[in-house]
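S.K.: Each chain, letter by letter, is given below.
Number of protein chains: 2
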Amino acid sequence: MGTPKGLEIPDAREEKINMSNIKKLKCLICGAEYQPDEVRYTCPKCGDEGILEIIYDYSGIRKNFTKTTLKNNTEYSMWRYLPLLPVDDTEKIGPLKVGWTPLYEAKRIREDLGIPNLWIKDDGRNPTASLKDRPSAIAIVKARELGEKIITCASTGNAASSLSGASASVGLKSYIFVPQTAPVAKIAQLLVFGSTVFAVRGTYDEAFDLSIEATREFGWYNRNTAFNPYMVEGKKTVGLEIIEQMNFEVPDFVFVSVGDGCIISGVVKAYKEMLTLGFINHLPKVIAVQAEGCKPIVDAVNGGGTVKFVKPDTIADSISVGIPRNRLMAVRDVKELNGFGVAVSDEEIIKAIKYLGTIQGIFAEPAGSTAFAGMLKCLQEGTISKKDKIAVLVTGNGLKDVESAKKAGGKALIIDPNLEAVKENLK
Amino acid sequence: MGTPKGLEIPDAREEKINMSNIKKLKCLICGAEYQPDEVRYTCPKCGDEGILEIIYDYSGIRKNFTKTTLKNNTEYSMWRYLPLLPVDDTEKIGPLKVGWTPLYEAKRIREDLGIPNLWIKDDGRNPTASLKDRPSAIAIVKARELGEKIITCASTGNAASSLSGASASVGLKSYIFVPQTAPVAKIAQLLVFGSTVFAVRGTYDEAFDLSIEATREFGWYNRNTAFNPYMVEGKKTVGLEIIEQMNFEVPDFVFVSVGDGCIISGVVKAYKEMLTLGFINHLPKVIAVQAEGCKPIVDAVNGGGTVKFVKPDTIADSISVGIPRNRLMAVRDVKELNGFGVAVSDEEIIKAIKYLGTIQGIFAEPAGSTAFAGMLKCLQEGTISKKDKIAVLVTGNGLKDVESAKKAGGKALIIDPNLEAVKENLK
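First to last, the sequence lines map onto chains A and B.
For the first sequence, my numbering begins at 123 and goes up steadily by one.
For the second sequence, my numbering begins at 123 and goes up steadily by one.
Hints may contain errors.
One copy or any two copies: either way a pair holds, since identical chains are not told apart in the list.
[What the hints assert, rightly or not] As a list, the in silico DSSO-like pairs of lysine-lysine whose alpha-carbon atoms are at most 27 Å apart:
{"id": "1", "residue 1": "Lys476", "residue 2": "Lys214"}
{"id": "2", "residue 1": "Lys476", "residue 2": "Lys148"}
{"id": "3", "residue 1": "Lys473", "residue 2": "Lys271"}
{"id": "4", "residue 1": "Lys533", "residue 2": "Lys295"}
{"id": "5", "residue 1": "Lys457", "residue 2": "Lys549"}
{"id": "6", "residue 1": "Lys167", "residue 2": "Lys473"}
{"id": "7", "residue 1": "Lys473", "residue 2": "Lys193"}
{"id": "8", "residue 1": "Lys189", "residue 2": "Lys394"}
{"id": "9", "residue 1": "Lys533", "residue 2": "Lys407"}
{"id": "10", "residue 1": "Lys271", "residue 2": "Lys457"}
{"id": "11", "residue 1": "Lys499", "residue 2": "Lys189"}
{"id": "12", "residue 1": "Lys229", "residue 2": "Lys271"}
Since the hints were derived computationally from the structure, they do not count as laboratory data.
Bear in mind that the values here come from a model prediction, so they are computed numbers and not experimental data.
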């Protein structure tokens, strides 16, 4: 208490909580259960497919984590949900302020589209300008708890730049694998943050496999999505915030763009945990949105549930993932909540960037506007109605990919510095 | 009350304050005084040089604006300082969440440089990624209070993109003048936000003059720095936040990068007003930092006080201002607080970008790292000591200018997707 807000030390850390409320880690495939100190990444029995889910002691948590404690909590960052996070040593939390991004009522879009119950979560307002700052903040806590000094990940770009920034802020060395085609802004971030950057001649999927190999070879700590079991926990905080910022009202539909499928599982986990804890009384439908040129999860949730790998072809680099690593969990989660999938064209993604910017002043990168484009499509097709309560997640800022923004934005008028030129162009 | 936090309606607006606490507007040159409804821009007697200062009814304000009311204020944005802002109709405040950006204790820099009392304010965390979102938020309030539908400004880039985003969020049309050389990311923002963009073949200084001409010709509402008297009030909120986030402790030195000189006057006004209101008991020294290739204000404050215009030549586009429009006020303010000026080379600016990123995970654009570079120089030269309490303002995010970031960051290692290539590059 007494710490001025906005400083790097959240109030939560002053209480010096010593151990997380984790009860066990459970394999998604075989159901084997582990204690946190028994396993670092995936299930030893099932290999890389055996993603572990984190299960907390919810009956213990609900004693000291209530609507009242939340209301009185002045820590306006992702760490306000500390009882539901895998943090054993709060001293290991980094200084960057992550989370508690704005949830906008988006009044002008509501009026323009005649949808009075729309909310837009702008998660591009995080430190490195994407939602991925949330899981990366968890990754550096876990690495430091283990005494690791070097951290690595493979990424389409945002997970990388977030991990790179978070690592820099606490002095961890980082080795990053990205596809060579990642947007220049994301690579520039990595380099400014001092990472060693391997720009791989290949896809994200190849970079992912290589980073796992390198992790095994060199013993680095690995933050990869759906390999490191704690990343869903970080992504979950965006869902927890939406729930609290909507005053515990549950939307009918939550739209989430999907690459590996880890963010959507985080959102679903947020709702399920808040239901378990009695903060809400039912679950929303959660909708997976992908680009038409890369929609393995959409096809799986709308079809028989099996994910078929694809060769990605989309402008939305952050979700250009042909082999979705969290596919099993993501498909299960969307189906369990009676959600569905929707695919949008690159053209619709670009149009959504322009629409969000022009009408509401929200600047999204392509994968950031994809969920909104999916919502628009569902409105047009009638799969959702104008009266529905709709939450849409924007996952990254448009400054991350200026080339795509330029496609959305049109052209400046280049003029000589005189009034005649202005008049001429106003005609 | 009861509004969930992070939604677009700050608590403050629920009180429906009807008129600001402005007492008068006073001309910087001739001292003439006006009521807000008597004048829109500069002093009618003195012309464009006659910038008006906003003076509030401080004795009235102090009755209801205290450390206690601030502590209990749950509006974590620039609007928490509403009693000190020129807002007559709180309904006209836009939805984007501006302000209450993080003030970092910057522990790793403190340790690395042996300066235990350093704070860094990261104002690149605003909606369009620069401090300029603060004055632009004020501009759209004033335009809407007047019933204006079209707004304009000239800008090196950040004032433009912030005004453009703010305008989009409330449905104002915007005409923007920028030098053709503005970074592509800033122009991309303008276009996505739907502005009509005049990219002027010339300098910022020429774009400025042209925008004033166009304002007079077409009757648009003008947001230009040091022309519109309310912009300093928006910029002031960054200073108010630093004061509150430092728990009303006054630093010995506050470092601010300077272009037109409007931000530094805002910071000084924040400290002076908080002194008047009894929140603090003395004033800091405020240091103006400019690039060596464009340092009219630095030369003036270190010399006789007269500003000589220059032809700008610096990588720091946001402060590439040869004719500083707020020169009289800025020079007066720095001198009054016993501050001084310091100039840094473009190389030092680029180095500071890399240092801030690598050691602390803060990504600054060139003008954003300039104040930090100036602080480093003062440490080296001994004009400040390692024991001093130092606050440094970072004014914009590095994603705004990726070309400069690339100069700071070095190169990625381009490799084939196999372990041998990784090993080879690790040697």
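S.K.: Against this structure, judge whether each hint is valid.
M.R.: Evaluated hints:
1. Proximity of lysine 476 and lysine 214 under a CA criterion of 27 Å is satisfied inter-copy only: 24 Å between copies versus 40 Å inside one chain copy.
2. When the C-alpha separation of lysine 476 and lysine 148 is checked against a cutoff of 27 Å, the pair qualifies neither within a copy, at 43 Å, nor between copies, at 42 Å.
3. Taking identical chains as interchangeable, the C-alpha atoms of lysine 473 and lysine 271 lie at most 27 Å apart only when they sit on different chains, with a minimum of 25 Å there against 43 Å within one chain.
4. For a Cα distance limit of 27 Å, the shortest separation of lysine 533 from lysine 295 across copies, 17 Å, qualifies, whereas the shortest one inside one copy, 41 Å, does not.
5. Proximity of lysine 457 and lysine 549 under a CA criterion of 27 Å is satisfied in neither setting, with 54 Å inside one chain copy and 48 Å between copies.
6. For the identical chains of this complex, lysine 167 and lysine 473 are neighbours neither inside a copy (46 Å) nor across copies (49 Å), given an alpha-carbon limit of 27 Å.
7. Taking identical chains as interchangeable, the C-alpha atoms of lysine 473 and lysine 193 are never at most 27 Å apart, the minima being 38 Å within one chain and 43 Å between chains.
8. Proximity of lysine 189 to lysine 394 under the C-alpha cut-off of 27 Å is restricted to the intra-copy arrangement: shortest distance 16 Å within a copy versus 40 Å between copies.
9. Within a single copy, lysine 533 and lysine 407 get their C-alpha atoms no closer than 39 Å, and across copies no closer than 44 Å, so neither meets the 27 Å cut-off.
10. Neither within a single protomer nor between protomers do lysine 271 and lysine 457 lie at most 27 Å apart by alpha-carbon distance, with minima of 39 Å and 47 Å respectively.
11. Taking the shortest Cα distances, lysine 499 and lysine 189 never come within 27 Å of each other, neither inside one copy (35 Å) nor across copies (50 Å).
12. Taking the shortest alpha-carbon separations for lysine 229 and lysine 271, only the inter-copy value of 18 Å comes in at or below 27 Å, while the best intra-copy value is 46 Å.
Going through the hint list in order, the structure does not satisfy hints 2, 5, 6, 7, 9, 10, 11.
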